Every structure is written in C-alpha cells, then in structure tokens.
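For the protein sequence lines, the chains are A and B, in the order given. When we follow our numbering, the leftmost residue of the first sequence carries the number 1, and every step to the right adds one. When we follow our numbering, the leftmost residue of the second sequence carries the number 1, and every step to the right adds one.
Hints in this document: simulated from the structure, not taken from any laboratory. Model, not experiment: these values are computed from the prediction. Idealized CB from N, CA, C, for every residue including glycine. A few of these clues could be false.
To give a feel for the contact side, a few chain A residues facing chain B, derived at Cβ under 8 Å [what the hints assert, rightly or not]:
1) Trp97
2) Ile172
3) Tyr283
4) Asn337
5) Phe366
6) Gly368
Between beta-carbon pairs, the in silico distance windows are [unchecked claim]:
7) B:Ser143 with A:Glu116: 46 to 56 Å
8) A:Arg227 with B:Gly205: 44 to 54 Å
9) A:Ser73 with B:Leu216: 35 to 45 Å
10) B:Pro170 with A:Gly251: 30 to 40 Å
11) A:Pro113 with B:Ser217: 14 to 24 Å
12) A:Asp161 with B:Arg159: 36 to 46 Å
13) A:Gly272 with B:Pro174: 31 to 41 Å
14) A:Leu82 with B:Gly108: 33 to 43 Å
15) A:Arg259 with B:Pro170: 48 to 58 Å
16) A:Ser286 with B:Lys178: 46 to 56 Å
17) A:Glu121 with B:Pro177: 29 to 39 Å
18) B:Lys178 with A:Ser310: 46 to 56 Å
19) A:Pro113 with B:Ala124: 20 to 30 Å
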Amino acid sequence: MLKLRLSGLSCGVCGNFRIPMPIPRSYSNSASSIALSSIDVKPKVPLYLRPPSFSASVSELAKWHKWAKNLASSVGSTFVNLDNGPDSTLLRRELNWLLQDLIELQHHSKILPRLESGNNENLDVSVALRAPLEEMYCVWRQRIEERRPFQYVVGCEHWRDLVLSVQEGVLIPRPETEMIIDLVEDVALNNAPELAQGVWADLGTGSGAIAIATARALRSHADGDARGRVIATDLSPVAVAVATSNVQRHGLEGVVEVRKGSWFEPLNDVQGELAGVLSNPPYIPSGDMSGLQAEVGQHEPIIALDGGTSGTNDLLHLIDGVASMLKPGGFFAFETNGEKQCRFLVDYIQNEKAGRFGDINIVSDFAGIQRFVMGFHR
Amino acid sequence: MAMAMGTGAGFMNVMKSVDQLVRSNGVSLVAKAPSSFFFMPQKRKGLGYWQLYCCSSNSHSNNSCYITLKDEELMRQCEMTSFKASGPGGQHRNKRESAVRLKHLPTGIVAQAVEDRSQHMNRASALARLRTLIALKVRNPVSLDSYSPPSELLQILPRSSTLRTSDSGPQIGPNNPKFALGMQALLDLIFAVEGSVSDAAKLLGMSTGALSRLILSDDSLWKAVNELRASKGMKPLK
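Working from the sequences, and respecting the hints, build out all of it.
Here is the structure:
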C-alpha cells in the first residue's frame, strides 16, 4: 500500500521534471527547425547529452546511490518469476550505467569508485550532474516500480558502436538486430561490392538504428566518390522525429533520408532500383502480447511489436513487395521471431515467389535462434 | 599420463566443434579453421605442461600468429555465444543481456565480456581479452642459437636493456594494447630457456633483477611465468 502511494507520488513529482527541461531547449530548437516543424514531435534529449548544470554533494549522491541499490536488491528474482524480467544483478548494472550517464565522463574515475567503496572523505565536495538528484529518485522508482525500460529512463540505447536516442513511442533496438549490419557487410557488400553505391531502404526504422549503421557500412565500403545512401521509412511520427534527430546527431543528413509512411508506400520514386531492403518489422504473434515482459508489453509501442495472429502479417507484406522494389542482384534481410517464422517465410518464397530470389538463407542470432531470412533478387 | 590424455581429448573436442560449425552453418559467416594451426602436446619432467604451436603457411608471419591476426580474422576462428538463450529473444525481451562469450576454436581458449552496454562493444572487449589470453597461453617455438628479440618484445623492455635502440620507442606498459604481443614473445623466450629468468635476462641484455621487475609489473604475466616455472619444478618468482 505504502509502495503504491510512493510510486503515485513519484509520478507527480517526475512530471514536473520531465517536461520543462531548462537547458536543452537550444538543442531541441535546433533539431526542430530542420525537419520536425511539420511533424510536431520534439525528440527528447538523452540524459548523457544534457549539460551538467545541476549539482549535489558527494554525500547526497552516495545517499541516493545506496537507496537505489537497495531498491534494486529488493527485487531479487521477483520479476524473473513474474514475466522473465530483470533480476537484481541486471538492475544494479543498469544503475551503474545510469550513474555513468548522469556524471561527466572526466569525473567517472574519481566519483564512481567512491560510491562503491563508501569512502567517507570530503563528503561535502560538489559533483556536477546532468539532471537534478530529485529526478533521479523519480526515474529509478519508475524503473523498478513501473518497470519503465531503462533505455527510456536514460533516453538512449547503446547499439553496435552507436548511441541512439530512444523515447516512449519508439521501439528500443535489440542486441539481436545488431547482426543485420554484419549480414549487410559480410554477405551483401563483400560478395557484391557495387551494392555499396546503391540506394538502400530500412522499413519501419524506429530509432533509425539499422538505417544509420547501414549508412556507415556503405561509407566504409565506398569506392571513390560514388556513395550509397539509405531511405528510412516509418509510419509513426514519433519514430520519424527520433530517427531524424539520430541521423543528424551522427552527421548523416545527406546520406540517410527519413520518410513518413507505411513500409514501401513512400518509396514509389525508387521502385525497382533499390540495392538493399532491410527491416525489423513487428513479428510477435498477437496471442503472445499479453504475456510479454512488463518493460516491453506495457511501455513499448504495440504497433512495432504485434505482427498479427501468426506474427507474419508484416513480414509477408515485405516479401510480397520486395521483389518489385529491388533491382536485379539487390539484397534483402528481415528479422523474424525465430525458427518457425524463418522456415515459413523460406517456404513461402520458394513456392509463391519461385525463381525471383536466389541464395535464400536463414541465419541464427548470437543466441543460436534462427532469426533472419535473407537473399538476393534475381 | 592423465594430463596427456586430457590434452588429446581437448584436441578432439575442438576439431569436432569446428567440423560441426562448418557443417551446421548454412551461411559462411564462420569459416573453417585453417589446417595449418595445430596442437602439439608436450610432456616435460613428468608434468603435463602442454604447448600449443601455431604455424602459418604465410611466409611473412613466423610466430605469434593468432594475435597478429586482424580482428575479423581472429573473430572468424571463434565461436560466439551469449550466456542465456532462454525464451524467444528479439522483440520479446528487454534485458540488456548483451554478454558475449568467444571461444577460440583452434586453441579452445574462452574470453567473455558482460559490462558494456551493446553486443558490439562487448564483442570488442571479449576479443581484446582473448588476445591477452592467447599471449599468455599459446607458446611459439624460439631458436636460442641465434636469438634476437623481436621489436614487439623490445618495446616492453625498460631503457636499461642494452639491446634497445632509438627505434624501440618509449617503453610500453600493460595498459597498452600492444603489450600483449611483447608479453607473448617474452613468455616464448622464458619457455624456451626452461623458465630461467637469468638466462632470459642475458638474452635480453638486461639484469635478472630488471627482468624480474618487468614480470612482476603485470599480474597476469607474473602468474603465467610462475605457472610455467612450476611446470618445470622451479620455485615461483616473488
């Protein structure tokens, strides 16, 4: 009962902190003036990019850290048993990452070990923070009590060698998906180097993860002046805004173009010309949605997860459309829910699309689960 | 005898897993381990200190070849797994379990990393760790008759070594990624002189005390030297 009241209170307090971020206004203004004026969604600034304009004494910070650690420890294996959620070990690791984002990098080596060791010297020394400590109490409660995903709490996800902004309304890119870029490099670009100069598409781009990493792969495989580029599409205005700001932050404005629309719809001008088509579409069977881990099912956009009764609605739509979008020799790779979907899709391609694709393959992710279907247009 | 048997069994396991990987992987992301890498179990003084030899048909690379491989070449010799594969993964899950475990198939050496926030960065950390472990565990043959220390070894020696030249640059410490290469060459030499620090010191143009200090400056190097000395019935360095 007490717990519930506290969490209700924390939401109210957090509301005050979440909306009027005082300093980063200049950042979001500059972002909105470029591409977001027509979309009306302002991407949030991730914690690690906010200016360190707040402060707390070492003892205040240590007090918060001890409280947060105890809250993480109190979870034990409750969430694991409930819905295969995070355990205390993982939550304490997230707490360390939260601290890393809160404190400027150059102070990490001085401050972080002190919090662990409980060193009592110079407790009144002041530490610069990127958010007020009160907000940290709030967001850590949200993390534990509301199961708000850690990535939404800090506003970013580390994915491959990128740090991508994410926020509510945008799917958090998964570690499994990192491998799509390895397929682009190892299978497509190494076997058909000319694809590096073509136009690629990332459909349902979300945060823009696949599009941005693909653009960087195309650039590193570029030969001379000919440069490939990427078009990222998404139906969701939040995704379009967040992907656009991630593209800008990685200095790829001329290389990745974000277009609003469903799947192939915004791509009429490049029909039959694409060098590659990539996607991590929603693929969870509708029946599995209610049993999802709370971080996913209660916080991430359902539109990015629910793939219909068997989970393959969007994947089939992509396979139906991809033959007419790719140029001859063009590459495609799609992420799936696992072995069952992979086999179903390969059967579908071989029976319904006979002769249109070659080198069809199923590729397993790092955990050994068959995850990707890929191939080349004949 | 039991150790020698164990080594043989390990060899079989490694080869079996390479074979399985090659056969089970429809996509050639994991390449076949080159046949020019081979194991040579050695029994010395009744103790089963085993030795991994590493050779290459490449004419320009003579020794220490695994850790001179480029990242992607070394990666190709590895099997990568995450720790937990429970449940369907992918969009179902948000656990940030981006832990990476690399098994270097030719040697069976395993390295892992869990503390980074992306799969990709954990893979890089695990690969760096694997290089250090290979340096510590894989021994290359050294010819003592005409021994002259390779440049990567000279780089980790203190200025007091008479073999250092102006080309050797400033001394590299354990935090430098190039330290592993020098450490491997040093261990190769100490192995070749049967664990004698004073013999190795002579060949490196420095005093026994100075070489001991270098060995003691890095815990993993120190431990490796002592394991090697123990295998030859010698007292540990302190």
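Starting from the hint list further up, note which numbers the structure goes against and sort them upward.
-> 13
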